[in-house]
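Asker: Each chain, written out:
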Amino acid sequence: MIAAQELIQYTLFQQVAYIAGAAMFVLSLKWMSGPKTARRGLWVGIAGMVLAVAGTLLDNRIVDFEWILLAFGIGTLIGIPMGQWMKMTAMPQRTALSHAFGALAAGLVGTAKFYYFLEPKLHEGDVSVNKFTMFAIGLEVLLGFLTFTGSMMAFGKLAEVLPQRPITYKGQNFVNLGVLAVAVVIVVMLIIDPVANKELFVPLIVLSLIFGIMLIIPIGGADMPTVISLLNSYAGLSGAAMGFVLQNQMLIVAGSLDGASGLFLSIIMCRAMNRSFTNVLFGGFGQIVAKKGDDEEEKIHRTSNPEEAAMMMDAAQSVIIVPGYGMAVAQAQHKVADLATALTKKGINVKFAIHPVAGRMPGHMNVLLAEANVPYDQLSEMEEVNPEFEECDVAIVIGANDVTNPAAKTDESSPIYGMPVLDVEKAKQVYVIKRSMNPGFAGIDNPLYYLENTAMLFGDAKEVAGELVTEFAKLGSMHS
Amino acid sequence: MSRTLIAAAQELANPEGGATIDIYTGLFIFVMAAFAGMEVIRRVPQLLHTPLMSLTNALSGIALVGSIVITGADYGRFYTTLGALAITASMINVVGGFWITDRMLKMFKPREKTVPAGDAK
Numbered sequence: 458m459i460a461a462q463e464l465i466q467y468t469l470f471q472q473v474a475y476i477a478g479a480a481m482f483v484l485s486l487k488w489m490s491g492p493k494t495a496r497r498g499l500w501v502g503i504a505g506m507v508l509a510v511a512g513t514l515l516d517n518r519i520v521d522f523e524w525i526l527l528a529f530g531i532g533t534l535i536g537i538p539m540g541q542w543m544k545m546t547a548m549p550q551r552t553a554l555s556h557a558f559g560a561l562a563a564g565l566v567g568t569a570k571f572y573y574f575l576e577p578k579l580h581e582g583d584v585s586v587n588k589f590t591m592f593a594i595g596l597e598v599l600l601g602f603l604t605f606t607g608s609m610m611a612f613g614k615l616a617e618v619l620p621q622r623p624i625t626y627k628g629q630n631f632v633n634l635g636v637l638a639v640a641v642v643i644v645v646m647l648i649i650d651p652v653a654n655k656e657l658f659v660p661l662i663v664l665s666l667i668f669g670i671m672l673i674i675p676i677g678g679a680d681m682p683t684v685i686s687l688l689n690s691y692a693g694l695s696g697a698a699m700g701f702v703l704q705n706q707m708l709i710v711a712g713s714l715d716g717a718s719g720l721f722l723s724i725i726m727c728r729a730m731n732r733s734f735t736n737v738l739f740g741g742f743g744q745i746v747a748k749k750g751d752d753e754e755e756k757i758h759r760t761s762n763p764e765e766a767a768m769m770m771d772a773a774q775s776v777i778i779v780p781g782y783g784m785a786v787a788q789a790q791h792k793v794a795d796l797a798t799a800l801t802k803k804g805i806n807v808k809f810a811i812h813p814v815a816g817r818m819p820g821h822m823n824v825l826l827a828e829a830n831v832p833y834d835q836l837s838e839m840e841e842v843n844p845e846f847e848e849c850d851v852a853i854v855i856g857a858n859d860v861t862n863p864a865a866k867t868d869e870s871s872p873i874y875g876m877p878v879l880d881v882e883k884a885k886q887v888y889v890i891k892r893s894m895n896p897g898f899a900g901i902d903n904p905l906y907y908l909e910n911t912a913m914l915f916g917d918a919k920e921v922a923g924e925l926v927t928e929f930a931k932l933g934s935m936h937s
Numbered sequence: 003m004s005r006t007l008i009a010a011a012q013e014l015a016n017p018e019g020g021a022t023i024d025i026y027t028g029l030f031i032f033v034m035a036a037f038a039g040m041e042v043i044r045r046v047p048q049l050l051h052t053p054l055m056s057l058t059n060a061l062s063g064i065a066l067v068g069s070i071v072i073t074g075a076d077y078g079r080f081y082t083t084l085g086a087l088a089i090t091a092s093m094i095n096v097v098g099g100f101w102i103t104d105r106m107l108k109m110f111k112p113r114e115k116t117v118p119a120g121d122a123k
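So the sequence lines, in the order shown, correspond to chains R and D. Numbering-wise (my numbering), the first sequence opens with residue 458 and increments by one. Numbering-wise (my numbering), the second sequence opens with residue 3 and increments by one.
There's no promise every hint is true.
[To be verified] Think about it this way: if two alpha-carbon atoms lie no more than 25 Å apart in a straight line, the pair counts; the simulated DSS-like pairs of lysine-lysine are:
1. R:Lys627 with R:Lys655
2. R:Lys885 with R:Lys802
3. R:Lys493 with R:Lys544
4. R:Lys885 with R:Lys756
5. R:Lys578 with R:Lys756
6. R:Lys885 with R:Lys866
7. R:Lys885 with R:Lys803
8. R:Lys588 with R:Lys578
9. R:Lys544 with D:Lys108
10. R:Lys588 with D:Lys108
11. R:Lys578 with R:Lys655
12. D:Lys111 with R:Lys919
13. R:Lys544 with R:Lys588
14. R:Lys578 with D:Lys108
15. R:Lys493 with D:Lys111
16. R:Lys931 with R:Lys919
17. R:Lys931 with R:Lys803
18. R:Lys802 with R:Lys655
19. R:Lys803 with R:Lys866
20. R:Lys883 with R:Lys756
21. R:Lys931 with R:Lys756
22. D:Lys111 with R:Lys802
23. R:Lys544 with R:Lys885
24. D:Lys111 with R:Lys931
25. R:Lys919 with R:Lys803
26. R:Lys756 with R:Lys803
27. D:Lys108 with R:Lys487
28. R:Lys493 with D:Lys108
29. R:Lys802 with D:Lys108
Note that these hints are calculated values from the structure, not bench results. The model shown is predicted, which means the values in this text are computed figures rather than measured ones.
Work the whole structure out from these sequences, hints included.
Answerer: See below:
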């Protein structure tokens, strides 16, 4: 093969549009550093996008706009409902779905480019694909299609179309890595000689699609925050690879930013669970069922009622609410927000303690509570709020389990040992709103529930929170 | 100055005179953008991690730029179809992503000083 690179020429307007667009994208992310500037960030991102697309539409290679405009229209028609009517509780699955779309686009463009390079009549004869471009195409297609099916699987699990439980079998990692290895070998063969090995391109697509599915099969719901972030990163990288294939700086920058963002969030999520990437992807978490109980003495928990809890809160000076995925499942965020409002009105200091992996995606709890009109200065991160539990009179845990488990700090045999957790047990009184004593998703028992200063409020999170509001209001009217 | 402007205008009129990038420039851009991205994103608080993800999702819809040329150039039915599908997928991300990010960001409000916010439902 001739190692000449296809010469893509951009007009000056395109160049300027891409450079300005890329700068706007960076600025857009920079302004996401605080809620006050975030919307400005959004608008500058939109401006960058419009500019880059406008620049592209002026590309001299385009001869026919019909299909472009049609696809614009269809995409917009599907995009608007996905922006406007998607419930905030559905954010994790929506995000997974959009990773899938982004990755699919990259995979399709990579496929088109591969066949394009094989047809000399499309690009003036002698120009052919060089090794680096072929490497970029291979990476783009592999990452694009595996992220596509992987994200669709994650979507299925989050939307509860598929079972959320991790599905594992013997030799799973071996099979998964085997599939990946074959795909990588194909990429290498395509780099060596794309023309002779062109029949292998379709198998590459198929293997990538299969690998994406197999990668997510063993992953459980509790690991979704990390997995979503990783898929975000892969989608970004496939976009950057597309940038290399098309020699487009704007795509490289955007893909790189997206990849960096996803990678950064995955690192935070992994740290918040004290686990490594390999452990998340190949560990089959949730399968580690703590084998305890038989030889231990019967542990006793205390059951309380909303009336008592309301009285305790009435007498409190500070209350910390600890939300978890259970709050999202029960759609309890509005009732919980009502409770916080009532407490605040009474002059009680209310804070929400939010663990980085609470929920099913990064920042999940914050969005739900913001939707329920909780002011963002009441939403505290773990490091910030942990020292405050000691001074706190009442802590209320709503649908959170592992992130409050003190065994992570003390019990070396615990599967979550070493994971940073919220110091809920230090509060003077702890109430745990929970459906039953069943251990949480990961099947790990929580010693918090058996402490002397802990009382259980059994029931649906939304109903219990509602009863707390009612009981608390009754107390208020008694005082006056 | 005016000479530059004229040259610029000529360049606009004559697309053949544009620039291209090589592998090394591309890698350079990639690495620099990744570092800039990391620095910028590190400063995004946990509070905004969900909107951050939906925003980067929308921005990754810039794949449009790649799909548009493939769709519009006269390569053939096969390429037009793949390109149009890619445009559709990217456009969903762009429109839906920006839209929902805006919806989310509108919800983040600071504490009001004059309290009674009413019993929001």
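Asker: Taking the hints in turn, state whether each one holds.
Answerer: Hint check results:
1. R:Lys627 with R:Lys655: Judged against 25 Å, a Cα distance of about 34 Å means the pair is violated.
2. R:Lys885 with R:Lys802: 22 Å, holds
3. R:Lys493 with R:Lys544: With Cα atoms ~23 Å apart, Lys493 (chain R) and Lys544 (chain R) stay inside 25 Å; holds.
4. R:Lys885 with R:Lys756: Given pair Lys885 (chain R), Lys756 (chain R) holds - Cα atoms ~20 Å apart, limit 25 Å.
5. R:Lys578 with R:Lys756: 77 Å, violated
6. R:Lys885 with R:Lys866: Between Lys885 (chain R) and Lys866 (chain R) the Cα gap is close to 19 Å, so the pair holds against 25 Å.
7. R:Lys885 with R:Lys803: Judged against 25 Å, a Cα distance of about 20 Å means the pair holds.
8. R:Lys588 with R:Lys578: Roughly 20 Å separates the two Cα atoms, so the pair holds.
9. R:Lys544 with D:Lys108: OK: Lys544 (chain R) and Lys108 (chain D) at ~15 Å, within 25 Å.
10. R:Lys588 with D:Lys108: 47 Å, violated
11. R:Lys578 with R:Lys655: Since the Cα atoms of Lys578 (chain R) and Lys655 (chain R) sit roughly 17 Å apart, the hinted pair holds (cutoff 25 Å).
12. D:Lys111 with R:Lys919: Satisfied, since the Cα-Cα distance of roughly 23 Å is no more than 25 Å.
13. R:Lys544 with R:Lys588: 46 Å, violated
14. R:Lys578 with D:Lys108: It is violated: about 52 Å lies between the C-alpha atoms, which goes past 25 Å.
15. R:Lys493 with D:Lys111: 9 Å, holds
16. R:Lys931 with R:Lys919: Between Lys931 (chain R) and Lys919 (chain R) the Cα gap is close to 19 Å, so the pair holds against 25 Å.
17. R:Lys931 with R:Lys803: Status holds; Cα separation ~13 Å.
18. R:Lys802 with R:Lys655: Violated, because 70 Å separates the two Cα atoms, which is more than 25 Å.
19. R:Lys803 with R:Lys866: Between Lys803 (chain R) and Lys866 (chain R) the Cα gap is close to 35 Å, so the pair fails against 25 Å, i.e. violated.
20. R:Lys883 with R:Lys756: 20 Å, holds
21. R:Lys931 with R:Lys756: The given pair, whose Cα atoms are some 34 Å apart, is violated under the 25 Å limit.
22. D:Lys111 with R:Lys802: It holds: about 17 Å lies between the C-alpha atoms, which stays within 25 Å.
23. R:Lys544 with R:Lys885: This hinted pair is violated, its Cα atoms lying about 36 Å apart.
24. D:Lys111 with R:Lys931: 29 Å, violated
25. R:Lys919 with R:Lys803: This hinted pair holds, its Cα atoms lying about 22 Å apart.
26. R:Lys756 with R:Lys803: Distance ~36 Å between Lys756 (chain R) and Lys803 (chain R) Cα, so the pair is violated.
27. D:Lys108 with R:Lys487: 18 Å, holds
28. R:Lys493 with D:Lys108: Holds, at about 10 Å.
29. R:Lys802 with D:Lys108: Cα-Cα ~24 Å, so holds.
Of the hints listed earlier, those the structure fails to meet are numbers 1, 5, 10, 13, 14, 18, 19, 21, 23, 24, 26, in rising order.
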